[in-house]
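Student: Sequence:
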Amino acid sequence: MTEVCLLGDKNCVPCEGGVPALTETEAKALMKQLDDGWELSGDAKFLKRRLEFKGFAKATYTANLAAFLGDQQGHHPDIAFGWGYCSVTFTTHAIDGLSENDFICAAKFDAMLAK
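Residue numbers (this note's numbering): 4 to 118.
You may find that some hints are simply not true.
Distance condition first, Cα-Cα at most 20 Å in a straight line; then the derived PhoX-like pairs of lysine-lysine [unchecked claim]:
| # | residue 1 | residue 2 |
| --- | --- | --- |
| 1 | K57 | K31 |
| 2 | K51 | K35 |
| 3 | K51 | K31 |
| 4 | K35 | K48 |
| 5 | K118 | K57 |
| 6 | K31 | K13 |
| 7 | K118 | K61 |
| 8 | K118 | K13 |
| 9 | K61 | K51 |
| 10 | K61 | K35 |
Quick caveat, the hints were computed from the structure, so don't treat them as lab data.
Given these sequences and hints, build the entire structure.
Tutor: Take a look at the structure:
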């Protein structure tokens, strides 16, 4: 029997380069494990999710969740927020593309938002 390990159950491993970025096909397959709100860039180099709110406090809270997750996993997203929105982008700069770490963090972020 094949054991399935969900992305959200994994933890990031340090990436210092020297490994190939995920292919577009690999990235699209992993997208199926994420919330529909995530978008894969056209060049398959980053994941982005934009959330909208009625106010500033929830946007700030969401940005702080993403920052906390980044520190916890050692894999830090780019975060932009303001009144009514928070945008979170994951990429692996060391390989100029996506790694499994990006999808792990996106899945964990989804789980945090669901609580």
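Student: Between K51 and K31, is the straight-line Cα distance small enough, at 20 Å or below?
Tutor: Roughly 13 Å between the alpha carbons, so the hint for K51 and K31 holds.
Student: Is the Cα-Cα distance between K61 and K51 20 Å or less?
Tutor: holds, 18 Å
Student: Between the alpha carbons of K61 and K35, is the straight-line distance 20 Å or under?
Tutor: Roughly 27 Å separates the two Cα atoms, so the pair is violated.
Student: For K118 and K57, compute the direct alpha-carbon distance and say whether it is at most 20 Å.
Tutor: holds, 19 Å
Student: Do the alpha carbons of K118 and K13 lie within 20 Å of each other, as the hint requires?
Tutor: Holds, at about 18 Å.
Student: Are K118 and K61 close enough, with their CA atoms no more than 20 Å apart?
Tutor: Distance of about 14 Å is within 20 Å: holds.
Student: For the pair we were handed, K57 and K31, check the Cα-Cα distance against 20 Å.
Tutor: Distance of about 31 Å is beyond 20 Å: violated.
Student: Measure nothing beyond the straight line between the CA atoms of K51 and K35; if it is 20 Å or shorter, mark the hint as holding.
Tutor: holds, 14 Å
Student: Is it true that the CA of K31 sits at most 20 Å from the CA of K13?
Tutor: holds, 19 Å
Student: Please verify whether K35 and K48 have alpha carbons no more than 20 Å apart.
Tutor: Status holds; Cα separation ~17 Å.
Going through the hint list in order, the structure does not satisfy hints 1, 10.
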